[in-house]
Amino acid sequence: MIENILIVCVGNICRSPMGEALMKARFADKIPPVSISSAGLNALIDYPADPIAQELMELKNLDISTHHARQISNELISTADLILTMSTEQQREMEKLFPNARGKIHRLGKWGEYDVIDPYQRPRSIFEHSLALIEQGIDDWFEMLRNS
Numbered sequence: 000m001i002e003n004i005l006i007v008c009v010g011n012i013c014r015s016p017m018g019e020a021l022m023k024a025r026f027a028d029k030i031p032p033v034s035i036s037s038a039g040l041n042a043l044i045d046y047p048a049d050p051i052a053q054e055l056m057e058l059k060n061l062d063i064s065t066h067h068a069r070q071i072s073n074e075l076i077s078t079a080d081l082i083l084t085m086s087t088e089q090q091r092e093m094e095k096l097f098p099n100a101r102g103k104i105h106r107l108g109k110w111g112e113y114d115v116i117d118p119y120q121r122p123r124s125i126f127e128h129s130l131a132l133i134e135q136g137i138d139d140w141f142e143m144l145r146n147s
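Residue 0 is where the sequence shown starts when you use numbering that gives the first Met the number 0, and the numbers rise one by one after that.
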C-alpha cells in the first residue's frame, strides 16, 4: 500500500512543487490518506517556488507560496513508498545515489513514456507545457494506484 509519495526534480522550485500541489489535490479524499512531499536532487535550499509556478498553481486554486526548496535525503528516501522523478536521467541518478530504493523510484511520465522538461528560467509557455505533462503523469499514476 502506498502511504508516502515523494516527487523529485532538480531544484525543487518549479516542477516538483507543482507536482506536489497537484498530487495532494488529487489524493485529498483518499482513504487512508497519502502523504505527498517534494525535494530536489540539487535543491536551491530554502528558495520559494518559482513565481511562474506559483501563478500557474493559483490559476488552479492551489497555493504553493509557502513552499521552500529542500534537498533529497536518506530520510526522505527511506520513508517514501513511491518516488517520482521528472526524467529518465533523474531516475538513473536517484538509483545510483540510493541503490536500496531502486524498486520504488519511477519516472512521473512512465505510463506515457515521456520526460517533463525543466522550465527553470524559461518562458511561461514552457512552464505551461511542463505543467500539462505533470498533470497527465499525476492522472496516470492516480489511476494506476487506485486500481492496484
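In short, the hints are calculated from the structure, not lab data.
Don't take each hint at face value.
[What the hints assert, rightly or not] As a list, the in silico DSS-like pairs of lysine-lysine whose alpha-carbon atoms are at most 25 angstroms apart:
{"no.": "1", "residue 1": "Lys59", "residue 2": "Lys29"}
{"no.": "2", "residue 1": "Lys29", "residue 2": "Lys109"}
{"no.": "3", "residue 1": "Lys23", "residue 2": "Lys109"}
{"no.": "4", "residue 1": "Lys59", "residue 2": "Lys95"}
{"no.": "5", "residue 1": "Lys95", "residue 2": "Lys109"}
{"no.": "6", "residue 1": "Lys95", "residue 2": "Lys29"}
{"no.": "7", "residue 1": "Lys29", "residue 2": "Lys103"}
We went through each hint and held it up to the structure:
1. Pair hint lysine 59 plus lysine 29 holds up; C-alpha atoms about 20 angstroms apart against a cutoff of 25 angstroms.
2. For the given pair, lysine 29 sits about 22 angstroms from lysine 109 by alpha-carbon distance, which is consistent with the 25 angstroms threshold.
3. For a cut-off of 25 angstroms, the pair hint linking lysine 23 to lysine 109 stands: about 19 angstroms separates their Cα positions.
4. Under the criterion of a C-alpha separation no larger than 25 angstroms, the hint pairing lysine 59 with lysine 95 is inconsistent with the structure, at around 35 angstroms.
5. Annotation: proposed proximity of lysine 95 to lysine 109 holds, straight-line Cα distance about 19 angstroms (limit 25 angstroms).
6. Restraint check for lysine 95 and lysine 29: not satisfied, since their Cα atoms lie roughly 32 angstroms apart, outside the 25 angstroms limit.
7. For the proposed pair lysine 29 and lysine 103, the alpha carbon gap of about 20 angstroms is at most 25 angstroms, so the pair holds.
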